[in-house]
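Chains as they are written, first to last, in this note's numbering: chain A, 1 to 183; chain B, 184 to 821.
No lab work stands behind these hints: they were computed from the structure.
A hint or two may mislead.
[What the hints assert, rightly or not] Calculated cross-link-like contacts (lysine to aspartate or glutamate; reagent style EDC-like; alpha-carbon spacing at most 20 angstroms):
1) 801/B with 98/A
2) 736/B with 10/A
3) 152/A with 228/B
4) 781/B with 747/B
5) 26/A with 16/A
6) 659/B with 63/A
7) 781/B with 154/A
8) 718/B with 812/B
9) 111/A with 154/A
10) 81/A with 63/A
11) 499/B with 30/A
12) 111/A with 654/B
13) 143/A with 228/B
14) 781/B with 58/A
15) 41/A with 30/A
16) 125/A with 638/B
17) 143/A with 163/A
18) 125/A with 654/B
19) 26/A with 497/B
20) 499/B with 9/A
21) 499/B with 63/A
22) 668/B with 638/B
23) 107/A with 290/B
24) 26/A with 63/A
25) 668/B with 686/B
26) 499/B with 55/A
27) 591/B with 638/B
28) 81/A with 58/A
29) 348/B with 332/B
30) 781/B with 105/A
31) 152/A with 780/B
32) 348/B with 186/B
33) 81/A with 9/A
34) 737/B with 98/A
Quantities reported herein were computed from a predicted structural model and do not represent experimental measurements.
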Amino acid sequence: MVLEGPAAEEAAMFEDVVDLLSTRSKERSELIPILQSIQRKHSYLAPDVMRLVAEHLDISSGEVYGVASFYNQFRFNPPGKHQIKMCLGTACHVRGGDIILENFERKLGIKEGETTEDREFSLEKVACVGCCALAPVALVDEKVEGHMQPSKVEGLIMGFQIERERQERESKAGEGNELASND
Amino acid sequence: MTERYADLIREAREYVEQQDSDSAPVIYIGMATCGLAAGAAETREAFEKALEEHGIAARIVAVGCLGHCYAEPLVVIRTPDYPPLCYYNVTPGRARILVKAFLEEGDPLQEFLLGAMEANDLLPAVSDFPRFSMEQRVVMERCGDIDPESIHQYLAAGGYEALVKALSLPQQEVTRIVYESGLRGRGGAGFLTGKKWEMAAGVPSEQKVVICNADEGDPGAYMDRTVLESNPHQLLEGLAVCAYAVGAGEGIVYVRAEYPLAVRMIQRAIDEARALGFLGEHILGTNFNLDVSVFLGSGAFVCGEETALIQSIEGKRGMPQHRPPYPVQKGLRGLPTVVDNVKTLSAVPAVLKRGADWYRSIGTRGSTGTAIFSVVGDVLHPGLVEIPMGTTLRTLIFDICGGIPNKKSFKAVQIGGPSGGCLPEKFLDTPVDFDSLVEAGAMMGSGGMVVMDEDSCMVDVARYFVEFTQDESCGKCTFCRIGTKHLLNILDRITKGEGKEGDLEILEELSMDIRNGSLCGLGKTAPNPVLTSLKYFRDEYEAHIFEKRCPAKKCRSLTAFYIDLEKCARGCDACVGCCPVEAIFTTSNRKKGIDQEKCVKCGECVVACPPEYDAVVKVSPPELAPRIEPPREGESRA
């Protein structure tokens, strides 16, 4: 059976984590660094992977999940291709960050903490990225967008959509050319 | 040891001089996180391209942050003909103009100039501005000045001299100097650093640990990140001095994983310091060994508390533990552990180099030295400010940071983040030091300071902070876990106009219970924003509850927008296009109205309405908005 989509992804993650664990010591203090390296590579922690880590450290998987869910850094669902993080630090709050977050939610049709169905976008809130002088601020794929406005939200998302359509067109055109040259 | 150090210093000086000996201009670009956020990377690219196009040989150096966030991207250009000149808001366009007009044609372009970095007869110097001259920099002395990725630059500026001095003294002597300087922990609690070291030194143990707490989780504070990104060696030097004084052989820098650049800088600095023998085995030829590593914090506000931080390094949930035993007695893996903040350790080299008396001469009797504040919110010149302790809030906010913009008036200043309080105008003459702030009901905390003008609602601000602490409560103590939840529910109701009589009394009572029933600083201080705002802005709470009105017109359930038909221009569509929910319709006489059902109160139409009409009005309570009916079917629609 050939796995596809998320299942294939998780199977690959599983294999990779088996390799990773073979290089790590079994000290309890390794738990958070191990989870961090898994997430750095695969951007989230699947349940099976956490069970693996638990076996490796000889603790219960509940304990691994307990630690992972305690910290804000770890996520348990795959993120979108484009990650949008809205800063809701004090300065951003005072300058209306919640209104910007609402605009993202409305535009993308998802709530904070969710990923769009096509897995293009995910939206989360973060507490202060430390660029308070530029408030309100959003982190869009690690790029800081300062002085956000509702109209800028629309512009950003439209930019991604245009880019995506362009890529699709190009790949279609590319396929067309290939077909043509094969003839 | 001193010979070894002298050699290293000489090498570093030669290296730096060799770089500076050619007469080519040097362009320093502030490339810490805030600079990058403002577009410093694009500016750098523009400089590189323009230099190539004009065939000018200039060196570009990425430096850290000067703390002047309002003026980012900041660029300092050094040429043989002028003193170093500092330019503000250097966009890629300005970068190109600077290369052509200044570097090629010799015109220093005064219109983009913030000031010269040194006093001179030709051009105004930055020291003429209070934003520069009223600061006193100890911790941030070299931030934005040296390349954080080069240990040579730090050495050439006298770096690691304090460590050399410390190593030549007996351990108790080092502790005594720090003790006598009066340096207090900059993490918020303000415990005497020398006392802490003395306690740790007094515990007999083969192994001890020093942890640098850089788990800066307070929303609105970012000085630790700036120090790590701009001058990591100063921190490492302080950490090494501390380790020597208490007899520790292991150092850990606990940094938030959300600060990738800071993590990279500190890691690089550790590698460099180890390569030159300032860390590792037999440091500078002595018998002192110190191994330093970086631990990435995974984002839990409570881990700023030392016992929770230690739990998290041990791979557990970051929950605070009972003290005593204090970490200095029994900390990480049961070893005596000193946990000090980034700013505390970064102040140590200066204390050792210049002596306890010098440090004590800065600041006040009870709080010596300087404090770093991140002043943000409604001020003209936000950013990081390092001032002597005891400076008044008025000087800090109005003289140094330029006061409130847009002709608005000052309402309150929130100091100390989620554990601090909101102080009204009558406290502006309070000196900022550990004790005066606590007396006023706020606290130093990590140094976050949010200035708020008349448009900020104090109930909303209190709600915001309680939402934060409620979210970050680790859940160990019942009052913190459930009490903050109830505080939040009540505040939520009040901001939605559903407050009722008796709410304020419950808020007060519950706040006291949370304060008394919590183990760690998070719970003990969580009610502070509520208590101070209740104390100083009670009338605002009452307006929300009894008049269903938000005096600052901030709480969205209690406000409404409408369009003044007298002012609205016939045929203008500016507001229609900007409305994200299509709530604006055209009335039968081609003016505009807002459908209150659809309106989400984002305020975009206020911005979009041309200033010559200024027709959008915000009111509270919402009933004040006149009802404008959309045209019925069949009537003309524009």
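Taking the hints in turn, this is what the structure says about them:
no.: 1; hint: 801/B with 98/A; result: holds, 18 angstroms
no.: 2; hint: 736/B with 10/A; result: violated, 49 angstroms
no.: 3; hint: 152/A with 228/B; result: violated, 24 angstroms
no.: 4; hint: 781/B with 747/B; result: holds, 18 angstroms
no.: 5; hint: 26/A with 16/A; result: holds, 17 angstroms
no.: 6; hint: 659/B with 63/A; result: holds, 16 angstroms
no.: 7; hint: 781/B with 154/A; result: holds, 18 angstroms
no.: 8; hint: 718/B with 812/B; result: violated, 43 angstroms
no.: 9; hint: 111/A with 154/A; result: holds, 16 angstroms
no.: 10; hint: 81/A with 63/A; result: violated, 30 angstroms
no.: 11; hint: 499/B with 30/A; result: holds, 10 angstroms
no.: 12; hint: 111/A with 654/B; result: holds, 17 angstroms
no.: 13; hint: 143/A with 228/B; result: holds, 16 angstroms
no.: 14; hint: 781/B with 58/A; result: violated, 55 angstroms
no.: 15; hint: 41/A with 30/A; result: holds, 17 angstroms
no.: 16; hint: 125/A with 638/B; result: violated, 24 angstroms
no.: 17; hint: 143/A with 163/A; result: holds, 17 angstroms
no.: 18; hint: 125/A with 654/B; result: holds, 12 angstroms
no.: 19; hint: 26/A with 497/B; result: holds, 13 angstroms
no.: 20; hint: 499/B with 9/A; result: violated, 28 angstroms
no.: 21; hint: 499/B with 63/A; result: holds, 9 angstroms
no.: 22; hint: 668/B with 638/B; result: violated, 27 angstroms
no.: 23; hint: 107/A with 290/B; result: violated, 48 angstroms
no.: 24; hint: 26/A with 63/A; result: holds, 15 angstroms
no.: 25; hint: 668/B with 686/B; result: holds, 14 angstroms
no.: 26; hint: 499/B with 55/A; result: holds, 16 angstroms
no.: 27; hint: 591/B with 638/B; result: holds, 8 angstroms
no.: 28; hint: 81/A with 58/A; result: violated, 34 angstroms
no.: 29; hint: 348/B with 332/B; result: violated, 24 angstroms
no.: 30; hint: 781/B with 105/A; result: holds, 16 angstroms
no.: 31; hint: 152/A with 780/B; result: violated, 24 angstroms
no.: 32; hint: 348/B with 186/B; result: holds, 13 angstroms
no.: 33; hint: 81/A with 9/A; result: holds, 14 angstroms
no.: 34; hint: 737/B with 98/A; result: holds, 12 angstroms
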